[in-house]
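**Q** Sequence:
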Amino acid sequence: MVRWSTEGLDGVKESVRTRYLSSIRRFDERFGSLLIASITTRDIADWISERKRTGSVRAQGQGKAISNASIQRDLTALSRLLSFCCSIGWRTDNPVQAFDRTIIRERREPKRPPTRKEIQTAIDAAPPGVAGILSILAETGMRMNEAVKLERWQVDSRSRQILLTKTKT
Numbered sequence: 239m240v241r242w243s244t245e246g247l248d249g250v251k252e253s254v255r256t257r258y259l260s261s262i263r264r265f266d267e268r269f270g271s272l273l274i275a276s277i278t279t280r281d282i283a284d285w286i287s288e289r290k291r292t293g294s295v296r297a298q299g300q301g302k303a304i305s306n307a308s309i310q311r312d313l314t315a316l317s318r319l320l321s322f323c324c325s326i327g328w329r330t331d332n333p334v335q336a337f338d339r340t341i342i343r344e345r346r347e348p349k350r351p352p353t354r355k356e357i358q359t360a361i362d363a364a365p366p367g368v369a370g371i372l373s374i375l376a377e378t379g380m381r382m383n384e385a386v387k388l389e390r391w392q393v394d395s396r397s398r399q400i401l402l403t404k405t406k407t
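Throughout, the working numbering is defined as the position within the sequence shown, counted from one, plus 238.
Take these hints with a grain of salt, some might be off.
Between beta-carbon pairs, the in silico distance windows are [what the hints assert, rightly or not]:
{"no.": "1", "residue 1": "R390", "residue 2": "T292", "range": "48 to 58 Å"}
{"no.": "2", "residue 1": "W328", "residue 2": "D394", "range": "50 to 60 Å"}
{"no.": "3", "residue 1": "V368", "residue 2": "L259", "range": "34 to 44 Å"}
{"no.": "4", "residue 1": "K251", "residue 2": "Q335", "range": "20 to 30 Å"}
{"no.": "5", "residue 1": "W328", "residue 2": "P366", "range": "56 to 66 Å"}
{"no.": "6", "residue 1": "I341", "residue 2": "V368", "range": "38 to 48 Å"}
Rather than coming from a laboratory, the hints here were simulated on the basis of the structure.
Beta carbons: idealized from backbone N, C-alpha and C, even for Gly.
All chains should be built: construct the whole structure from the sequences, respecting the hints.
**A** Given below as structure tokens:
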């Protein structure tokens, strides 16, 4: 674990590193006593079943249902760890990659975008600076972070173009 957290996560954004380490802690109860080389695809499947059954544990000891998306993120972290173990010779295979993750479907509630009228109502009610940002978002479909960090040199008014140098990373 220590070697992976320093060498295997080198170059990974801090938020991703934090998420991976948080996910790996979830595996400790089931896999903590096993040698890395002995973890099997069956162990992964059993962990998924247990995680779905128990959910996430809260401070009061009551579990809340766990989403398939959270399980997928946890599996990604474990897969990265086991791939690192393969690269340094501690394993020859990655049981997470062997597990068919398509059976863990992510279900997202469909989102209804706001209507033009709802957008205009929000723009009309907003202070001028915020109204301008809302207008850019409505017209371009940019992410909030992209719009608020725009610099003047990125906007070409004549050709009605905006150069985005950094988008979702």
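**Q** Quick one: are W328 and D394 within 50 to 60 Å, going by C-beta?
**A** holds (53 Å)
**Q** Do the beta carbons of K251 and Q335 sit within 20 to 30 Å of each other?
**A** Cβ of K251 to Cβ of Q335: about 23 Å, so the range 20 to 30 Å holds.
**Q** Taking 56 to 66 Å as the stated bounds, is the beta-carbon spacing between W328 and P366 within them?
**A** For W328 and P366 the Cβ distance comes to about 59 Å; the hint holds.
**Q** Taking 48 to 58 Å as the stated bounds, is the beta-carbon spacing between R390 and T292 within them?
**A** Since R390 and T292 have Cβ atoms about 53 Å apart, the given range 48 to 58 Å holds.
**Q** Is 38 to 48 Å respected by the C-beta to C-beta distance linking I341 and V368?
**A** holds (44 Å)
**Q** So the hint says 34 to 44 Å: do the beta-carbon atoms of V368 and L259 match that?
**A** Holds: the Cβ-Cβ distance is about 36 Å, inside 34 to 44 Å.
The structure is consistent with each of the numbered hints, conforming to all of them.
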